[in-house]
Amino acid sequence: MYWNKEVECMPEEKLRELQLERLKQVVKRAYEKVPFYRKKFDEAGLKPEDIRTLEDIKYIPFTSKADMREAYPFGLFAAPLEEIVEVHTSSGTTGKPVVAGYTRKDIELWGELIARCLTMIGVTKHDIVQIAYGYGLFTGGLGFHYGAQKIGATVVPASAGNTRRQIELMRDFGTTVIACTPSYSLYLAEYAKEEVGIDPATLKLRVGSFGAEMWTEEMRKEIEKRLGLKAFNVYGLTEIIGPGVAHECEAQAGLHVWEDHFLIEIIDPETGETLPDGEEGELVITSLTRDGMPMLRFRTRDITRIIRKKCDCGRTMARIERIKGRTDDMIKVRGVMLFPYQIEQAILEVQGVEPHYQIVLTRPHYLDEIEVLVEMSKETFSDEVREIEELRKKLEKRIEAAVGIRVKVTLVEPKSLPRSEGKAKRIIDKRNLK
Amino acid sequence: MKIKQISVFLENKKGRLYEALKVLQGERVNIRALSIADTSEFGILRMIVDKPEEAKKALEENGFTAKLTNVVAVGVKDEPGGLAAVLAYLYEADLNVEYVYAFVKKAGEEAIVVMRTSNLEKTISVLQEKGVKIFSFEELLNF
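The listed protein sequences derive, respectively, from chains A and B. Heads up: the first sequence at position 20 corresponds to 225 in my numbering, and the numbers run straight through without jumps. Heads up: the second sequence at position 142 corresponds to 1593 in my numbering, and the numbers run straight through without jumps.
You may find that some hints are simply not true.
[Said to hold, decoys possible] Here are the simulated lysine to any residue pairs, SDA-like style, with alpha carbons at most 20 Å apart:
1) B:1518 to A:592
2) A:583 to B:1482
3) B:1502 to B:1538
4) A:599 to B:1453
5) B:1508 to A:402
6) A:529 to A:544
7) B:1465 to A:615
8) A:583 to B:1470
9) B:1573 to B:1561
10) B:1518 to A:250
11) A:515 to A:250
12) B:1518 to A:594
13) B:1507 to A:250
14) A:620 to B:1507
15) A:244 to A:216
16) A:233 to A:267
17) A:620 to B:1512
18) A:599 to B:1464
19) A:613 to B:1489
20) A:583 to B:1507
21) B:1507 to B:1482
22) A:409 to A:544
23) A:630 to A:594
24) A:430 to A:515
25) A:613 to B:1508
26) A:583 to A:544
27) A:598 to A:618
28) A:598 to B:1482
29) A:514 to A:544
30) A:229 to A:250
31) A:398 to B:1472
[What the hints assert, rightly or not] Among chain B residues calculated to face chain A with C-beta under 10 Å, some are:
32) 1469
33) 1481
34) 1579
Source of the hints: derived by calculation from the structure; they are not laboratory data. Ideal Cβ positions, reconstructed from N, Cα and C, are used throughout, including at glycine.
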C-alpha cells in the first residue's frame, strides 16, 4: 500500500532531478538565512552557485552535533520565530539539548512522511494506533501522532510509561498498531503476561513500528513472537525532523529513505570521505525541504550502508540497512572496536536466556574488561551448577566469536536488570579514563 | 520414592540468601535440610521443606527463580564409612552423583543423605536391593 504512490515510485532519473533542484534551493536559502552556514561556506571559499550537480555536495562542510549545541537554542533556524509553530529537543543527556524548529509546513511534511511510513506497513484509517513514545519535547510521540492522524487512524496518545494502563488500553480498545521503542515492547510483553495476566498474543496487535534505539534481527524475532505482531523498523532523528526519515516496507529488508526530502551519503567516519554505495560507514543527511531548520550534511553518527537495488515493493527510494550502532556507541576495548549489537546478536542466539542484558566495562588492572550481565530465563533454570556453568560458557564463547575478544558473562536473576520505558541503557562504563 | 527438593538461584549479592529465607518465614515454611552450592558468580540454594509447592510460589512472587527437582533421601549409619558404603553401591552400578548433602538429627543415630544422581529410578532400585533405607517425603518430615 502506498500513501503517495506517484512520489514513492518516481522514476529514479526524475528523483535525482528533483533532488538537485531542491538541493540548490536549500543551499541558497541556508546561505542567505542562517549566519552559521554562511560563515561555514565563506570559510570554505564556497558559494551556493558552486553546487551544480548532486556530487558537488561533497564540497559543503559537514554539520555536527557540536555545531548544533553551539547554535543553541535557535541559531540554526532559517525562518523567523513568528513562523516557527513548534520546537522539539533531543534528550540532552550528553550536554545541551539539540533544538529543532518546525514551521507549519514542516509539521505538514512530518505528518506526510509518517503517513507514508505507516501506510507502507499496511496501516489504514480502520486501525487503532497506540503511540507509546513519549509525548512532549521528544519527537517520537508527536511525530507519530501527526502521521497516524493524517491517515485517519484512531490515535491513542498513550505516551510512554504507565505500563499497566498501556496493556489495559490495548485490551479494552483493541489496539492494532503499536509504536514505541523495541526494548519497551519487550517489557510490555513481559508485563502483560506476568503482572496483568494477559497473554500478549491474544491482543489484537497486528503491526508495530519500533525505533529510537538500536536493535537487531534477533530482537525482531523475539518481539514478533512475544507480541504476536509484525515488527518494523523506523528511523529518524531530531536534527533532521524526528521519526519518519526512513521506514521498512513489508519486505523487512532495509528502510526506505524518503529521498525526495532527504539526500543521503555514507562517509568514512575517520576521514570524512564519501564512500561508494553499498559500503558501510556513517550516514550523512541533508534535509532538502525543511523550512524552519534546513540541515546541510548532518553527520548522524549512525552506522549503516545504502542499498540501491530495486525493492520488491515497487518503491524507487533507496534503502538503508538497519542501523548497526552509533559511532559514539562504539566501544573501544583493548584497542578493539565493537558495537553493542554484536553482543546482543550473540546473546539472542543462545537458548535459555532472556533478551535483557547489560554491558559493563571496567579496567581493574590497567586492562579493559567487559562483563556482560544476562538474565537467565525462569524456564531454563537448572539446579545443577554444571548446567548453569555450561550456559554461561556457551554465552562467553558465542560473544567472543562475535566481537573477537574475551568477555566475562554473569548470569543474573530474571527481571533483575533495569527495564526502560524509553531508550534502554545497555552500557555501563566504569572505566576511569581520565 | 523420589522427594521434591526446592532449588533457588541466588545471585552472589549481599542479603540475597536472607531475603529468600525471609520469604519462607513469611509463608511459615519449615526447612528440614539445606545446602548451598556456590561459585564465585552465583549460588544455588537447595532445600527440603515441608511445603515445597507453596514455597516455590512465594519465592517466585518475590522475584526469585525457583524450581522443584526430584532427589532421593537415603538413610545411612552415623558412623565412619556409613556414606562410603552407600556410594560404593552407586559406583558399582555406574551411577554418577550430581550432588549430595546430609543432615543428622542426633549424633550416633541414623543420618539422612539427600542426593541427586544421573538416574534416580535406578538409584532407588539399586539401593533398595542392597537394603538401604530410602525415605518417603512423610518419613522425612517426621524424622
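Hint check results:
The hinted pair formed by residue 1518 of chain B and residue 592 of chain A meets the criterion: a straight-line CA distance of about 14 Å does not exceed 20 Å. Note on residue 583 of chain A and residue 1482 of chain B: the hinted pairing is violated, with a Cα-Cα distance of about 23 Å set against a maximum of 20 Å. A C-alpha spacing of about 29 Å is found between residue 1502 of chain B and residue 1538 of chain B, which places the hinted pair above 20 Å, so the restraint is violated. Restraint check: the Cα-Cα separation between residue 599 of chain A and residue 1453 of chain B comes to about 32 Å, which exceeds 20 Å; the hinted pair is violated.
Using a Cα cut-off of 20 Å, the hinted pair residue 1508 of chain B and residue 402 of chain A holds, with the two alpha carbons roughly 16 Å apart. Proposed proximity of residue 529 of chain A and residue 544 of chain A is supported: the alpha carbons are some 8 Å apart, at most 20 Å. Between residue 1465 of chain B and residue 615 of chain A the CA atoms are separated by roughly 16 Å; this keeps the pair inside 20 Å, and the hint holds. Taken as a hint, the residue 583 of chain A and residue 1470 of chain B pair is honoured in the structure, with Cα atoms around 18 Å apart against an allowance of 20 Å.
Annotation: proposed proximity of residue 1573 of chain B to residue 1561 of chain B is violated, straight-line Cα distance about 23 Å (limit 20 Å). Between the alpha carbons of residue 1518 of chain B and residue 250 of chain A the distance comes to roughly 72 Å, so the proposed pair goes past 20 Å and is violated. A threshold of 20 Å between alpha carbons decides the hint, and for residue 515 of chain A with residue 250 of chain A the separation of about 38 Å lies outside it, so the pair is violated. Proposed proximity of residue 1518 of chain B and residue 594 of chain A is supported: the alpha carbons are some 17 Å apart, at most 20 Å.
A distance of roughly 74 Å separates the Cα atoms of residue 1507 of chain B and residue 250 of chain A; the hinted pair therefore is violated under the 20 Å criterion. For a cut-off of 20 Å, the pair hint linking residue 620 of chain A to residue 1507 of chain B stands: about 17 Å separates their Cα positions. Restraint check for residue 244 of chain A and residue 216 of chain A: not satisfied, since their Cα atoms lie roughly 37 Å apart, outside the 20 Å limit. A threshold of 20 Å between alpha carbons decides the hint, and for residue 233 of chain A with residue 267 of chain A the separation of about 16 Å falls inside it, so the pair holds.
At most 20 Å may separate the alpha-carbon atoms for a hinted pair to count; residue 620 of chain A and residue 1512 of chain B meet this at roughly 12 Å. Among the hinted pairs, residue 599 of chain A with residue 1464 of chain B is inconsistent with the structure: their alpha-carbon atoms are about 23 Å apart, more than 20 Å. Of the supplied pair hints, the one linking residue 613 of chain A and residue 1489 of chain B holds, its CA atoms being roughly 18 Å apart against a limit of 20 Å. For a cut-off of 20 Å, the pair hint linking residue 583 of chain A to residue 1507 of chain B stands: about 12 Å separates their Cα positions.
For the hint pairing residue 1507 of chain B with residue 1482 of chain B, the CA-to-CA distance comes to about 13 Å; that is within 20 Å, so the pair holds. The suggested pairing of residue 409 of chain A with residue 544 of chain A is violated, with an alpha-carbon distance near 35 Å, which exceeds 20 Å. With a CA separation close to 26 Å, the supplied pair residue 630 of chain A and residue 594 of chain A exceeds the 20 Å bound. Only pairs whose Cα atoms come within 20 Å are accepted, and residue 430 of chain A paired with residue 515 of chain A is rejected, the gap being roughly 29 Å.
Distance check on the hinted pair: residue 613 of chain A and residue 1508 of chain B sit about 32 Å apart at the alpha-carbon level, beyond 20 Å; violated. With a CA separation close to 28 Å, the supplied pair residue 583 of chain A and residue 544 of chain A exceeds the 20 Å bound. For the proposed pair residue 598 of chain A and residue 618 of chain A, the alpha carbon gap of about 17 Å is at most 20 Å, so the pair holds. Between residue 598 of chain A and residue 1482 of chain B the alpha-carbon distance is near 33 Å, which puts this suggested pair outside the 20 Å criterion.
This hinted pair does not check out: residue 514 of chain A and residue 544 of chain A have alpha carbons roughly 27 Å apart, beyond 20 Å. Only pairs whose Cα atoms come within 20 Å are accepted, and residue 229 of chain A paired with residue 250 of chain A is accepted, the gap being roughly 17 Å. The straight-line distance between the Cα atoms of residue 398 of chain A and residue 1472 of chain B is roughly 27 Å, outside the 20 Å bound, and the hint therefore fails. The criterion of a C-beta within 10 Å of any C-beta in chain A is not met by residue 1469 of chain B, whose closest approach is roughly 15 Å, and the hint is violated.
Look at residue 1481 of chain B: its Cβ only gets to about 20 Å from chain A, farther than 10 Å, so that hint breaks. For residue 1579 of chain B, the interface hint is violated, since its Cβ never comes within 10 Å of a Cβ in chain A; the closest pair sits about 25 Å apart.
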